[in-house]
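Asks: So the chains spell out like this:
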Amino acid sequence: MAKKPVKEEPNVSPGESRDSADDRGIINTIWNFLSSMKLGIILLLILAAASIIGTVWVPRDMYGQPDYLRFYNNPVFNLILALLALNILICSLNRWKSLRGTLKGPKADVSENFVKNLKSHSSIKVKTGPDKAFEKIRELLRKKGYRVFTSEEGETFKVASDRGHLGIIGPYLTHLSFLVIILAVMIKFSGLAGFDGTFVGWEGETYSLGQVQGIDNVDFDDYFDIRVEDFRTEYRPGGREIKQWYSDLKVIDGDNSYDFTLYVNKPLVHNGIKFYQSSFGHQFSGKVSGPEKKDQDFSIAMQDYVQPEGTDLFFVPMGYDDANKEVKFYLYQGRQAVFDGGVALNTPYKYGDAEVTFQDVRSYTVLSTKKDPGVPVIGAGSILLIVGIVISFLLRQRRIWSVIRPEKEGSLIEIGGISAKDKRGLDRDLEYIASELKNR
Amino acid sequence: MDLVTLEEYSYTVTFIAYGIASLIYIVYLGYKNENMVRIATLATIVGLITNLAFLVLRWMISGRAPFANGYEFLMSFTAGIAGAYLVAEWKYRYKIIGAFVMPIAWLILAWIAMKMPDYSRSATNLMPALQSNWLSIHVATAMVSYGAFALSLGTSIMYLIKQSMENSGSRSGFSKRMPSLDALDDISYKFIAVAFPFLSAVIITGAIWAEYAWGRYWSWDPKETWSLITWLVYAAYLHARFTYGWRGSKAAWMSIVGFIFVLFTFFGVNYFLSGLHSYGGS
Ligand code: HEM
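Line by line, the protein sequences give chains A and B. Taking the working numbering, I'd label the letters of the first sequence as residues -4 to 435. Taking the working numbering, I'd label the letters of the second sequence as residues 174 to 455.
Worth flagging that the hints you see were computed from the coordinates, not collected in a lab. The reader is advised that the hints may include incorrect statements.
To be verified - Straight-line Cα separation of at most 30 Å, DSSO-like style, residue types lysine-lysine; simulated pairs:
#1 A:LYS33 <-> B:LYS423
#2 B:LYS423 <-> B:LYS268
#3 A:LYS139 <-> A:LYS102
#4 A:LYS320 <-> A:LYS261
#5 A:LYS433 <-> A:LYS131
#6 A:LYS111 <-> B:LYS423
#7 A:LYS139 <-> A:LYS111
#8 A:LYS99 <-> A:LYS114
#9 A:LYS261 <-> A:LYS238
#10 B:LYS349 <-> A:LYS114
#11 A:LYS139 <-> A:LYS122
#12 B:LYS349 <-> B:LYS264
#13 B:LYS264 <-> A:LYS114
#14 A:LYS138 <-> A:LYS127
#15 A:LYS120 <-> A:LYS131
#16 A:LYS403 <-> A:LYS131
#17 B:LYS423 <-> A:LYS114
#18 A:LYS261 <-> A:LYS245
#19 A:LYS122 <-> A:LYS138
#20 A:LYS139 <-> B:LYS264
#21 A:LYS114 <-> A:LYS102
#22 B:LYS264 <-> A:LYS138
#23 A:LYS138 <-> A:LYS99
#24 A:LYS433 <-> B:LYS264
Starting from the given sequences, assemble the full structure and let the hints guide the process.
Replies: Written out as structure tokens, the structure reads:
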């Protein structure tokens, strides 16, 4: 049994064919090629294959960091996406008619042979007359949630019915969502709207948006000022692990001014421009001394070092714990790390003959800054995608046709159906109807 | 008993329970005994309860959702698999499927026991970028999705075995007791039909999280890209199924290939490729 390949009925109504036969001219050929499902599946797989290549063969930027975008922004990759989008669009247009047909419902006026040739099919003889059997079938179908359409030809009754027909909207929404998402990505990469930039701000200073590196496509009316009140690092108890980085900001925009504490996973959004905690830095100042007990003043950046004269010691400040006013630093002797910990401001730290005192810290925050009008569009596309998929899977179309004609001492019922997605559900319904009919 | 010890016990009990269940289901392949297999169902239920208890305890210990490192992801994965299996057993009543699904969960736990060092199993704090509710939803949806894909893998393998036995004319009771080919195909599809929307949700919630954390909903990081690839492969499966009538063995093979992509996204990316998500690894 398993050897026989089974060709499922495609999900189309009777009377329509999936591939229209009139291949007139080259335009038709191209149109048919672009709208074919085969192309769609091949493109999906090519897209998958191309994506794989981009994760294995990774371009590097000038610092040797992976630069994934460079691969995925190349024209060939974009061409695949564009072809897929075109394919989906044409495919959807082509199927518009069948969508309308499905929503309207199946036609009752089919031939007896059509019903007999359905894969799920049975012939049932009953003792009642055709009109009674017809009534009964209608009632049973309705009870099972089917929409029922009928036609009569003399003493022959015909019934067409379906349920889950709204499911056909699902794939449409899904495909539309894909187009919407591609559109949003195009908005972003066209460079015509929005920007990707960086804001660097020292504590205590006020900045205007014009000082954001890379700012573009923002109306002057939308400009505002930002004052960086404070940048803080919060450590977990124990003082080693970082819990969170905070930037206390003041947004200054006329009447609409307010304080905002920004941290990782909590961006600031103002006039459509978003700020994300991305990096930070400190400038440390203080004094060190060596065996000669002569104070040297220093002012160095984070991860820089200061070396007391006459020693092979290097103090490397790494961070600052605001809550405890403690400078985190490494101490190296030659290349050997000999201390990793913290010391409070204005408190001397001694190691052998050497001594360091950190007296002041100034911090700056680095915020990645962007405006991307495509984001809400992506959001809408995502919702559409999920809704479309859920509809496609929840509402599984089943269709049942029946032709009832008189026979000696009763009537003959031909009944059969199609379901592309829920054949078992369909067969269960058909069995139920058959057994109810026979029970009379 | 303190919470940490309790958590260790819950892992051990889960490991034993899934092990017993797998063993009995496999024995059941060749030896039909309804009372015996009832114990397997019971063991699966017990294992799922302790598996979930593990996640709750982890939550209490760490003070955050238990979805932050490789160990926690794997424990969620096994809960997803056992959950998907119990749903299938309750809906379709074919206990024989357990022999092809529960060992996957058990093997994952065995792998943890053998390969995962203690330090990567402890409840660590979250780095700032991971402190997001979207991350929790992201992993919770992955748990459902991957569990359902694993079930579909099991029934697809059964399909191919049964088909080849029928083709070679074998009349063993084992083959006869398996669900019909139609039913196996249908179950495989139904679970993919659940897993696919959840996989879509995994990708979308991941993008939302990235948008909050970095301001980039999509950065083509390898983990992201591989989840997209997995999604494309299953999308191709669905299209081939509905427009070309690729059912039966072709669909079964596609479901197996799809699961290889799931596994690569889960394990392979962390081991073979590097990226933003590498801290999520084990
Ligand atoms: C990323 C791309 C795509 C996604 C996510 C997608 C998604 C889907 C989904 C979820 C379904 C419903 C499956 C079901 O009902 O079980 C579907 C059906 C379908 N898709 Fe796509 N699709 C994509 C691309 C394409 C392309 C490129 C074509 C064009 C030729 C296409 C044509 C179809 C057709 C003809 C159906 C069947 C509709 C029906 O049964 O009424 N899809 N698609």
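Asks: Each of the hints needs a verdict: does it hold here or not?
Replies: Outcome of the hint check:
1. A:LYS33 <-> B:LYS423: This hinted pair holds, its Cα atoms lying about 16 Å apart.
2. B:LYS423 <-> B:LYS268: Answer holds: B:LYS423 to B:LYS268 is near 24 Å, not above 30 Å.
3. A:LYS139 <-> A:LYS102: holds, 19 Å
4. A:LYS320 <-> A:LYS261: holds, 24 Å
5. A:LYS433 <-> A:LYS131: holds, 11 Å
6. A:LYS111 <-> B:LYS423: Holds, because 28 Å separates the two Cα atoms, which is no more than 30 Å.
7. A:LYS139 <-> A:LYS111: holds, 22 Å
8. A:LYS99 <-> A:LYS114: holds, 23 Å
9. A:LYS261 <-> A:LYS238: holds, 14 Å
10. B:LYS349 <-> A:LYS114: holds, 25 Å
11. A:LYS139 <-> A:LYS122: Holds, because 23 Å separates the two Cα atoms, which is no more than 30 Å.
12. B:LYS349 <-> B:LYS264: At roughly 20 Å apart (the allowed maximum being 30 Å), B:LYS264 and B:LYS349 satisfy the hint.
13. B:LYS264 <-> A:LYS114: holds, 26 Å
14. A:LYS138 <-> A:LYS127: holds, 17 Å
15. A:LYS120 <-> A:LYS131: Holds, at roughly 14 Å.
16. A:LYS403 <-> A:LYS131: Judged against 30 Å, a Cα distance of about 19 Å means the pair holds.
17. B:LYS423 <-> A:LYS114: holds, 21 Å
18. A:LYS261 <-> A:LYS245: holds, 15 Å
19. A:LYS122 <-> A:LYS138: Status holds; Cα separation ~22 Å.
20. A:LYS139 <-> B:LYS264: holds, 20 Å
21. A:LYS114 <-> A:LYS102: holds, 18 Å
22. B:LYS264 <-> A:LYS138: holds, 23 Å
23. A:LYS138 <-> A:LYS99: holds, 20 Å
24. A:LYS433 <-> B:LYS264: holds, 28 Å
Going through the hint list in order, the structure satisfies each hint without exception.
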